[in-house]
Amino acid sequence: MINYISTDIPNKSLKRVGRKIVLELFKNNRILSKYQIFNKYLYLNSMESISDDFKAKYKLIEAVLCDTNVENIYQNVKNIVPSKLDIETFAIKVERKGEHRFTSTELASEIAGSVFELFPKVKVDLENPNLKVHIKILNNKCLLYMEIK
Numbered sequence: 087m088i089n090y091i092s093t094d095i096p097n098k099s100l101k102r103v104g105r106k107i108v109l110e111l112f113k114n115n116r117i118l119s120k121y122q123i124f125n126k127y128l129y130l131n132s133m134e135s136i137s138d139d140f141k142a143k144y145k146l147i148e149a150v151l152c153d154t155n156v157e158n159i160y161q162n163v164k165n166i167v168p169s170k171l172d173i174e175t176f177a178i179k180v181e182r183k184g185e186h187r188f189t190s191t192e193l194a195s196e197i198a199g200s201v202f203e204l205f206p207k208v209k210v211d212l213e214n215p216n217l218k219v220h221i222k223i224l225n226n227k228c229l230l231y232m233e234i235k
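All residue numbers for the sequence shown refer to this note's numbering, where the first residue is 87 and numbers rise by one.
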């Protein structure tokens, strides 16, 4: 199962676009998929990899859905960040909704350790990083994805 997230779809269109993506993937590529809506994000599960053109069309980014356990988030971040990247700087961007035992800043500091494990010489740059790791905490679910410059 391969997972994707789209963060650029207006809230009122999430269901319509989710259905459109699922139908288009099956009709044109015979790829089975399903979607879920988490707050303002469209989360897509696909049985097979989706072409780069299709991902670009719907602004889909590979993602992970997990629970809000800090150790689980830490391990998942290590798994989604390719260790062969050539990066000098990174930032952890956290957005939270709901009650949690941690603040956004505390979680970002904790999860930064997973990136330092992969890239010991990397530096934090909150303004213009080469790598952004996004953590979206929505009650008891966590969406993770990254952006590379």
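By construction, these hints were calculated from the structure, which means they are not laboratory data. Be careful, since some hints might not be right.
What the hints assert, rightly or not - Below, a list of computed lysine-lysine pairs in the BS3-like style, where the Cα atoms sit at most 30 Å apart:
id: 1; residue 1: K120; residue 2: K101
id: 2; residue 1: K113; residue 2: K170
id: 3; residue 1: K101; residue 2: K170
id: 4; residue 1: K120; residue 2: K179
id: 5; residue 1: K101; residue 2: K141
id: 6; residue 1: K101; residue 2: K143
id: 7; residue 1: K164; residue 2: K145
id: 8; residue 1: K164; residue 2: K141
id: 9; residue 1: K98; residue 2: K164
id: 10; residue 1: K98; residue 2: K120
id: 11; residue 1: K120; residue 2: K141
Stated by the list, open to error - If you anchor each label on the Cβ, the simulated ranges turn out as follows:
id: 12; residue 1: R105; residue 2: Q161; range: 38 to 46 Å
id: 13; residue 1: N158; residue 2: F202; range: 32 to 40 Å
id: 14; residue 1: L212; residue 2: E110; range: 35 to 43 Å
id: 15; residue 1: K126; residue 2: E192; range: 17 to 25 Å
Glycine included, each C-beta is placed from N, C-alpha and C at the ideal position.
The hints, checked one at a time:
| no. | hint | result |
| --- | --- | --- |
| 1 | K120 x K101 | 11 Å, holds |
| 2 | K113 x K170 | 35 Å, violated |
| 3 | K101 x K170 | 36 Å, violated |
| 4 | K120 x K179 | 27 Å, holds |
| 5 | K101 x K141 | 18 Å, holds |
| 6 | K101 x K143 | 17 Å, holds |
| 7 | K164 x K145 | 23 Å, holds |
| 8 | K164 x K141 | 23 Å, holds |
| 9 | K98 x K164 | 33 Å, violated |
| 10 | K98 x K120 | 19 Å, holds |
| 11 | K120 x K141 | 15 Å, holds |
| 12 | R105 x Q161: 38 to 46 Å | 33 Å, violated |
| 13 | N158 x F202: 32 to 40 Å | 18 Å, violated |
| 14 | L212 x E110: 35 to 43 Å | 37 Å, holds |
| 15 | K126 x E192: 17 to 25 Å | 24 Å, holds |
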